[in-house]
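All chains, full assembly: derive it from the sequences and hints.
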Amino acid sequence: MPDPCRTSFAGAIWGMVTVLCWASFNVAAKAGTDAGMSPQALSFLRYATPGVFAFLVLAWLRHQGQGGTVPLRRLIVLAVLGGPLFGLTAVSGYQFAPLSHGLLFAPVAVFVAGTVFSALLLREQITGPRVLGAMIMFAGLGLLVGFEAQSVSRTWATGIALFVTAGLMWGGYTVLLRHWRVPLLEGTAAVISLSAVFATVFLGPLAWPSIATTEPAMLGLQFLIQGVVGGVVSVFTLMAALRRLTVQTVAMLPTFTPAVALLIAWGLWARGRLRSNWRGQG
0 MPDPCRTSFA GAIWGMVTVL CWASFNVAAK AGTDAGMSPQ ALSFLRYATP
50 GVFAFLVLAW LRHQGQGGTV PLRRLIVLAV LGGPLFGLTA VSGYQFAPLS
100 HGLLFAPVAV FVAGTVFSAL LLREQITGPR VLGAMIMFAG LGLLVGFEAQ
150 SVSRTWATGI ALFVTAGLMW GGYTVLLRHW RVPLLEGTAA VISLSAVFAT
200 VFLGPLAWPS IATTEPAMLG LQFLIQGVVG GVVSVFTLMA ALRRLTVQTV
250 AMLPTFTPAV ALLIAWGLWA RGRLRSNWRG QG
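Residue numbers 0 to 281, in numbering that gives the first Met the number 0, belong to the letters of the sequence shown in order.
Be aware that one or more of the hints could be misleading.
[As the list claims (entries may be wrong)] Derived lysine to any residue pairs resembling SDA-like cross-links, with alpha carbons at most 20 Å apart:
| no. | residue 1 | residue 2 |
| --- | --- | --- |
| 1 | K29 | I263 |
| 2 | K29 | R243 |
| 3 | K29 | A264 |
| 4 | K29 | R242 |
| 5 | K29 | P182 |
| 6 | K29 | T164 |
| 7 | K29 | V227 |
| 8 | K29 | R180 |
| 9 | K29 | V196 |
| 10 | K29 | E123 |
| 11 | K29 | F235 |
| 12 | K29 | F222 |
| 13 | K29 | A160 |
| 14 | K29 | E214 |
| 15 | K29 | E185 |
| 16 | K29 | L262 |
| 17 | K29 | W207 |
| 18 | K29 | L175 |
Since the hints were derived computationally from the structure, they do not count as laboratory data.
Written as structure tokens, this is what we have:
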């Protein structure tokens, strides 16, 4: 019988890595949209490029006599909720609202959806501390909007609606991963593969014009962060965390994303300032 403390510790580590992945591709997505990349291009890179590796993993599993345990209809539902449509919805929000809105509205929606859906499907109890935590998050959210509502364009409400929709989709995706007990390696590869097919068919033609005009350095960065970190690593680590933690606990992970993402953004800004000062002195 596995040690609960050791299992929880391992789950926390996987959760920390997941948060770091989410924060990284949120910052990269904002940088991509600021550089002129379309949401379709960013979503295509996130979901289509990892498909090559995922198909190889599935082929290897079939060669080993494994795989095929997850029904296709469930894979389709997971690919819709956590695949290209989710990515396109989330990234599109950055065209209408600032990074801080996306980093707060989406995590709150994930938390609420994960808490409610896990209570309905998994019979996980909604505890007082979690309700208090949600109230604190909403209070902080209200303060943020109060400060920034006058400094952003009138389209910010559209961005918030997109962030909330994406959060609800991801909350449902997270709960269903646990509810259906999706295997770690097979589930990761299968969801990524099906998402890659959807991205190639539906986003490829729309994404190509933006990809073709993007600078190579930015394109390489987005391939690494969106495709590898966001498309592969975050999916694997999320499933690993779900095997060791409750869904309601995992649903709280996105609430840590804003702080980590803002730290990454601040670090990149400070690094840029130091480089500019160094060049100016040189």
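Okay, the hints, checked on the actual structure:
Restraint check: the Cα-Cα separation between K29 and I263 comes to about 12 Å, which is no more than 20 Å; the hinted pair holds. Of the supplied pair hints, the one linking K29 and R243 is violated, its CA atoms being roughly 32 Å apart against a limit of 20 Å. The hinted pair formed by K29 and A264 meets the criterion: a straight-line CA distance of about 10 Å does not exceed 20 Å. Pair hint K29 plus R242 does not hold up; C-alpha atoms about 31 Å apart against a cutoff of 20 Å.
Restraint check for K29 and P182: not satisfied, since their Cα atoms lie roughly 32 Å apart, outside the 20 Å limit. Distance hint between K29 and T164 is fulfilled; the C-alpha atoms sit about 18 Å from each other, no more than 20 Å. Of the pairs offered as hints, the one joining K29 and V227 holds, with about 17 Å between alpha carbons and a cut-off of 20 Å not exceeded. Pair hint K29 plus R180 does not hold up; C-alpha atoms about 33 Å apart against a cutoff of 20 Å.
With a CA separation close to 25 Å, the supplied pair K29 and V196 exceeds the 20 Å bound. With a C-alpha separation of about 35 Å, the suggested pair K29 and E123 falls outside the 20 Å cut-off, and the hint is violated. Straight-line distance between C-alpha atoms of K29 and F235 comes to about 23 Å, which puts the hinted pair past the 20 Å bound. At most 20 Å may separate the alpha-carbon atoms for a hinted pair to count; K29 and F222 meet this at roughly 14 Å.
A distance of roughly 17 Å separates the Cα atoms of K29 and A160; the hinted pair therefore holds under the 20 Å criterion. A threshold of 20 Å between alpha carbons decides the hint, and for K29 with E214 the separation of about 16 Å falls inside it, so the pair holds. In summary, the hint linking K29 to E185 is not supported, as the alpha carbons are separated by about 31 Å, beyond the 20 Å threshold. Using a Cα cut-off of 20 Å, the hinted pair K29 and L262 holds, with the two alpha carbons roughly 14 Å apart.
The straight-line distance between the Cα atoms of K29 and W207 is roughly 19 Å, inside the 20 Å bound, and the hint therefore holds. In summary, the hint linking K29 to L175 is not supported, as the alpha carbons are separated by about 28 Å, beyond the 20 Å threshold.
This entry does not satisfy hints 2, 4, 5, 8, 9, 10, 11, 15 and 18, going by the numbered hints stated previously.
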